[in-house]
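Peer 1: From just these sequences and the hints, can you work out the full model?
Protein chains in written order, with this note's numbering: chain A, 1 to 222; chain B, 1 to 222; chain C, 1 to 206; chain D, 1 to 206; chain E, 1 to 236.
Because the hints were derived from the structure by calculation, they are not lab data.
Cβ atoms here follow ideal geometry from the backbone N, Cα and C, with glycine treated the same way.
Keep in mind that the hints are not guaranteed to be accurate.
[Claimed, not checked] Below, a list of computed lysine-lysine pairs in the BS3-like style, where the Cα atoms sit at most 27 Å apart: (1) K130(D) - K227(E); (2) K169(C) - K130(C); (3) K169(D) - K130(D); (4) K172(E) - K45(B); (5) K169(C) - K169(D); (6) K45(A) - K45(B); (7) K69(C) - K105(C); (8) K14(D) - K69(D); (9) K130(D) - K105(D); (10) K69(C) - K14(C).
[Stated by the list, open to error] Which chain A residues stay away from chain D? Per the calculated CB distances, all over 10 Å, these: (11) P42; (12) D43; (13) P124; (14) G125; (15) D186; (16) Q189; (17) A202.
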Amino acid sequence: MSAFRALLGRDLRLAARSGGGAALALGFFALVATLVPLGIGPDVKILARIAGGILWVAAVLAGLLSLDRLFQGDFEDGSLDVIALSPLSLESVALAKILAHWFSTGLPLTLISPLLAILFNLPPGPTLVLFISLLIGTPSVSAVGAIGASLTLSLKRGGLILPLIILPLLTPAVIFGAGSVAALMDGMQPGGGLILLAAFAAAACLLSPFAAAAAVRLNLGG
Amino acid sequence: MSAFRALLGRDLRLAARSGGGAALALGFFALVATLVPLGIGPDVKILARIAGGILWVAAVLAGLLSLDRLFQGDFEDGSLDVIALSPLSLESVALAKILAHWFSTGLPLTLISPLLAILFNLPPGPTLVLFISLLIGTPSVSAVGAIGASLTLSLKRGGLILPLIILPLLTPAVIFGAGSVAALMDGMQPGGGLILLAAFAAAACLLSPFAAAAAVRLNLGG
Amino acid sequence: MVVGRMITSLTAEKLACARGDRILFEGLSFRVEAGQALAVEGANGAGKTSLLRLIAGFLSPREGRLLLKTPEGESSDSDERAQAIGWLGHHDGLKPQLTVGEQLKSFAQLYRSTRDTDAVLEELGLARQKDFPCRFLSAGQRRRLALARLLVSGRPLWLLDEPFAALDKDGQALVARLMALHCGQGGLVIAATHEPLGLSNASIRL
Amino acid sequence: MVVGRMITSLTAEKLACARGDRILFEGLSFRVEAGQALAVEGANGAGKTSLLRLIAGFLSPREGRLLLKTPEGESSDSDERAQAIGWLGHHDGLKPQLTVGEQLKSFAQLYRSTRDTDAVLEELGLARQKDFPCRFLSAGQRRRLALARLLVSGRPLWLLDEPFAALDKDGQALVARLMALHCGQGGLVIAATHEPLGLSNASIRL
Amino acid sequence: MQLLFRYANPHAFMRLSGALLPFTAAATILLIAIGLYLGFTVPPDYQQGMTVTMMFVHVPAATMAELAYGVIAVASFFSLVWRHPLSDVAARAAAPYGALFTALGLITGSLWGRPMWGTWWQWDGRLTSFLLLLFVYLGYMALWNAIEDETRAARAAAILGLVGAVNIPIIKFSVDWWTTLHQGESIISGKLAPVFLWPLLVMMAGYAFLFVTLWMIAIRTEILSRKARTLMLGGP
Ligand code: HEM
Ligand SMILES: Nc1ncnc2c1ncn2[C@@H]1O[C@H](COP(=O)(O)OP(=O)(O)OP(=O)(O)O)[C@@H](O)[C@H]1O
Ligand SMILES: Nc1ncnc2c1ncn2[C@@H]1O[C@H](COP(=O)(O)OP(=O)(O)OP(=O)(O)O)[C@@H](O)[C@H]1O
Ligand SMILES: [Mg+2]
Ligand SMILES: [Mg+2]
Chain A
1 MSAFRALLGR
11 DLRLAARSGG
21 GAALALGFFA
31 LVATLVPLGI
41 GPDVKILARI
51 AGGILWVAAV
61 LAGLLSLDRL
71 FQGDFEDGSL
81 DVIALSPLSL
91 ESVALAKILA
101 HWFSTGLPLT
111 LISPLLAILF
121 NLPPGPTLVL
131 FISLLIGTPS
141 VSAVGAIGAS
151 LTLSLKRGGL
161 ILPLIILPLL
171 TPAVIFGAGS
181 VAALMDGMQP
191 GGGLILLAAF
201 AAAACLLSPF
211 AAAAAVRLNL
221 GG
Chain B
1 MSAFRALLGR
11 DLRLAARSGG
21 GAALALGFFA
31 LVATLVPLGI
41 GPDVKILARI
51 AGGILWVAAV
61 LAGLLSLDRL
71 FQGDFEDGSL
81 DVIALSPLSL
91 ESVALAKILA
101 HWFSTGLPLT
111 LISPLLAILF
121 NLPPGPTLVL
131 FISLLIGTPS
141 VSAVGAIGAS
151 LTLSLKRGGL
161 ILPLIILPLL
171 TPAVIFGAGS
181 VAALMDGMQP
191 GGGLILLAAF
201 AAAACLLSPF
211 AAAAAVRLNL
221 GG
Chain C
1 MVVGRMITSL
11 TAEKLACARG
21 DRILFEGLSF
31 RVEAGQALAV
41 EGANGAGKTS
51 LLRLIAGFLS
61 PREGRLLLKT
71 PEGESSDSDE
81 RAQAIGWLGH
91 HDGLKPQLTV
101 GEQLKSFAQL
111 YRSTRDTDAV
121 LEELGLARQK
131 DFPCRFLSAG
141 QRRRLALARL
151 LVSGRPLWLL
161 DEPFAALDKD
171 GQALVARLMA
181 LHCGQGGLVI
191 AATHEPLGLS
201 NASIRL
Chain D
1 MVVGRMITSL
11 TAEKLACARG
21 DRILFEGLSF
31 RVEAGQALAV
41 EGANGAGKTS
51 LLRLIAGFLS
61 PREGRLLLKT
71 PEGESSDSDE
81 RAQAIGWLGH
91 HDGLKPQLTV
101 GEQLKSFAQL
111 YRSTRDTDAV
121 LEELGLARQK
131 DFPCRFLSAG
141 QRRRLALARL
151 LVSGRPLWLL
161 DEPFAALDKD
171 GQALVARLMA
181 LHCGQGGLVI
191 AATHEPLGLS
201 NASIRL
Chain E
1 MQLLFRYANP
11 HAFMRLSGAL
21 LPFTAAATIL
31 LIAIGLYLGF
41 TVPPDYQQGM
51 TVTMMFVHVP
61 AATMAELAYG
71 VIAVASFFSL
81 VWRHPLSDVA
91 ARAAAPYGAL
101 FTALGLITGS
111 LWGRPMWGTW
121 WQWDGRLTSF
131 LLLLFVYLGY
141 MALWNAIEDE
151 TRAARAAAIL
161 GLVGAVNIPI
171 IKFSVDWWTT
181 LHQGESIISG
191 KLAPVFLWPL
201 LVMMAGYAFL
211 FVTLWMIAIR
221 TEILSRKART
231 LMLGGP
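Peer 2: Listed below in structure tokens is the structure:
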């Protein structure tokens, strides 16, 4: 357990040292959320209507941003060899990395989402649903992302292929997440979407460490 | 001149080798353009109204995707030292990299934008304006991006800071570009926006090689 | 220094290794016992690094097997073997953003080691650099830090890929001393190298 | 082999170099003439790499200056000096995705060199690997390719950072031969190293 | 299983497929020719008029596109569990044709949609999930191409293929839940009139043979080129 915590701590510290960690994902999230209204124009009605979708997509993209380096940095500089020989199983290693990624992207994004919702004139009810859906759903971004990151870890420009691999797999999260916000805006119950979202995220988090560990093992042979 | 072409050719080949080059930027562009309707819902009217803004933001983000590696890869593996000692001035080096980046992102994005416009039910007139605005405007993404990439080249996770540096600088491109599409949708003339966009892009392309070269020179001292 | 499990011997039986479509070596057999060092020699591209990765379990042999004997019994399972291995690869595995001290400490925790990391830094001549971020280290200083990590791991079977690379004369002597000490305490050393190891050791050529 | 501009001599006058807040060396003066080799020695972290980067113009000296003499005159401008330099750094500067042949050819074009790249590959024992992507090269093969690039550059002043690293005995002998040949043709060599260069050369210790 | 493996070794496959190819190719041409003839001579539909002809091109393409992913998923499973080299080749060879049929389904559907729905594209559940399937194919192929080391590429692609196999039903389900407009299931439930059903079935068989033919050719090419490469690299 303490080995797990050591790795988690190291990864969080690394994220923070690279110029702010969470701050960067937040910055990206906020910037995308500001660019869109700039591109669309200031129509308040439309903005409120599309807020859930845009913020969810922006959150997924912000999560993507640092994903490619999840295993790649450690692979390139040889750390992954050393980590692979440690008492931790590769599955636990993958889990630690997923957690570290979520702590430095998904969680902070969720926490400031209500602020950005204000920019879009989203009413309080849907804002709460947005918050909850991000809280439940962003772990699946980190989890599914870890699979993609481990598959592409040996590619110098794996960051490019990564979105192509994982964005299609993440559509359920966007649909259920943004869908529950839209449902409330249209006067329906958001509960169903949230439950499906929770199921998707749970499945992703359970399966991902195994798939990611298999992919890492494969690449260590390189 | 042939040294310039050699560098350009090398960079294009590198982009292509990393699993498809242009294809990846295209994939990302198309995926973002697909995710947004999934998040927002299938309302055709709204989608057409926001198409210009969304596609412009997606184009900027797709351009961003491979920017962080513009100089960083060459810096980390020592190639940049060798390139810096070549007969090419660092300004020309920066220009070659900007061009290579545009050829493998901005240009292909522009070319398939009409297809994505169909997904958003954008009428033919605004689609043409979107196409022209991307053609004029995407070089500025590569150019401004190169400044950011050169500033962050020594940071292991420069890719994270990069968007924060350059997205704010690119807001004019988004505003003029998407604005001219929106203008036509609202029955106004798009010409003014396009001229401003062209001016912005020209200025960015002229200044950027100098700024980027200065930043590279600074980082070589590390 | 051997804190972890003791090892009696490591035996390779008719190992064959292929990279891509090419066979690097075949029918390779050797045996290293507690207290012994084995130098792996060979021209560039002969397969030294590949052999080390094979022993570590990163690559799987195309044929043959590796047998690890401990006082408790023997095993050819690569996961069990992994727990006995201290690794010094060609790449140092250091993060430019972390300081020398942080780096070593977090690895000590990861390896559940109880060695005093400050003492090890002292031993390797890095005490002064303890609070330096690794990005400021010179090539040889990085190598010394990687060696420090090897010591901290407390593993009995050392796999070293070109342990003398980038080190100055003092550093090279230090490595030779550390290897001799490790063997003296019943550890095993397998090192891929182009120079003599500087201790009495067996050697194989690929 | 010296295709580019000829160099008569390179003189360092009272150079001082600082990294961060620390002064690495001060008052360093030396002179290398056409046909001579200079070994830069020193413990890990002494500043050998920094000195090379300073000569290449990547770092600027805190004090002192570097003077390059050519048959046409002398200059202390670092941009002019850059055009005379062939660089072999600690990192190889190779792209895993490109093949050995592509890599060398594109650098030949970048450096406007007319040398036959295939012949150079042959000379360095990489002919067989010509169509391999660099990611498949072993550590020593990568180093050989970097050396091939140095030859292709055709520059008169070679700056070499640990030129023997990762090379097998044959490779080390080859490098020594290449350096001797380069000096014999009126070139200059400055090499940071922990081993003797294997030719008659001057040396400084940092 | 043993039996399957016996025929799944590359040599046996080369022999078997060499013998089969002329027949599958002939069947493809014959069935598609008959299907097209029947398709152009059906009576106009009371709702859709002659555009109904498009059905015979569109529906089989869409079906084959989905089937091809099934092939990849099964082959990936074999590859991961039994490390069978032929299954890697089979999976890789199926992907481009799967993507091609997907693209064909999208294009024909969209050409059909223009007269039927008055628009090229609708954000409907089925259409959208189909578009996403195209991206899944592209990502899968990109991963294959990006990793140079063949064995590693194969294993990585197999992992992705399986992950996709789990996720595709979820995608489909989530998108259907989101919105639906496209025509529902009508073949199996017998809602289609026999005049339309027969040509459709013939065309489907034709497409299936087309896929099998192309797929076998691609596998053969890959096996041969691997052999050539081994000879080249293995030499002195
Ligand atoms: C871009 C537009 C379209 C796309 C992407 C598309 C996609 C699909 C897909 C994925 C299937 C399922 C094939 C299977 O599961 O076997 C299908 C079947 C079908 N499509 Fe389309 N379609 C499009 C437009 C249309 C249009 C405009 C029509 C006609 C009004 C149409 C009529 C049908 C019919 C009749 C079936 C067979 C349904 C069944 O019995 O399963 N499609 N299409
Ligand atoms: N950017 C930097 N800021 C502060 N100190 C630095 C920086 N870069 C290097 N140093 C320090 O400068 C010193 C000299 O480094 P340099 O790389 O020149 O040494 P070296 O002689 O090449 O050593 P080695 O033989 O280990 O390669 C080292 O002590 C290093 O820690
Ligand atoms: N993934 C790969 N695919 C194909 N060939 C490979 C791969 N990785 C390495 N090789 C080849 O395998 C051979 C052995 O490589 P290895 O790194 O084990 O050599 P080495 O003995 O450590 O050499 P060096 O002394 O130069 O480090 C080399 O010829 C190399 O080109
Ligand atoms: Mg090696
Ligand atoms: Mg050095």
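Peer 1: Take the hints in turn and mark each one as holding or not.
Peer 2: Hints versus structure:
For the given pair, K130(D) sits about 20 Å from K227(E) by alpha-carbon distance, which is consistent with the 27 Å threshold. For the suggested pair K169(C) and K130(C), the alpha carbons sit about 22 Å apart, so the restraint of at most 27 Å is met. As the CA atoms of K169(D) and K130(D) are separated by approximately 22 Å, the hinted pair is consistent with the 27 Å bound. At roughly 25 Å between alpha-carbon atoms, K172(E) and K45(B) fall within 27 Å of each other, so this suggested pair holds.
Between K169(C) and K169(D) the alpha-carbon distance is near 18 Å, which keeps this suggested pair within the 27 Å criterion. For a cut-off of 27 Å, the pair hint linking K45(A) to K45(B) stands: about 13 Å separates their Cα positions. Proximity of K69(C) to K105(C) is assessed by CA-CA distance (about 31 Å); at most 27 Å being required, the pair is judged violated. At most 27 Å may separate the alpha-carbon atoms for a hinted pair to count; K14(D) and K69(D) meet this at roughly 17 Å.
Taking the CA atoms of K130(D) and K105(D), the gap is near 11 Å; set against the 27 Å cutoff, the hint holds. Distance restraint check for K69(C) and K14(C): the Cα-Cα separation of roughly 17 Å lies within the 27 Å cut-off, and the hinted pair is therefore satisfied. No Cβ of chain D comes within 10 Å of the Cβ of P42(A); the nearest lies about 46 Å off, and the non-interface call holds. Annotated as non-interface, D43(A) keeps its C-beta farther than 10 Å from every C-beta of chain D; the closest such distance is 46 Å.
Here P124(A) stays apart from chain D, with its beta-carbon at least about 51 Å from theirs, past the 10 Å limit. For G125(A), the requirement that its beta carbon stay farther than 10 Å from each beta carbon of chain D is met, with the minimum near 51 Å. Taking the minimum C-beta to C-beta distance to chain D, about 49 Å, the non-interface status of D186(A) holds against the 10 Å cut. The Cβ of Q189(A) lies farther than 10 Å from every Cβ of chain D, with a closest approach of about 51 Å, so its non-interface assignment holds.
Chain D leaves A202(A) outside its interface by the beta-carbon criterion, the shortest separation being 38 Å against a cut-off of 10 Å.
Going down the numbered hints, you'll see the structure goes against just number 7.
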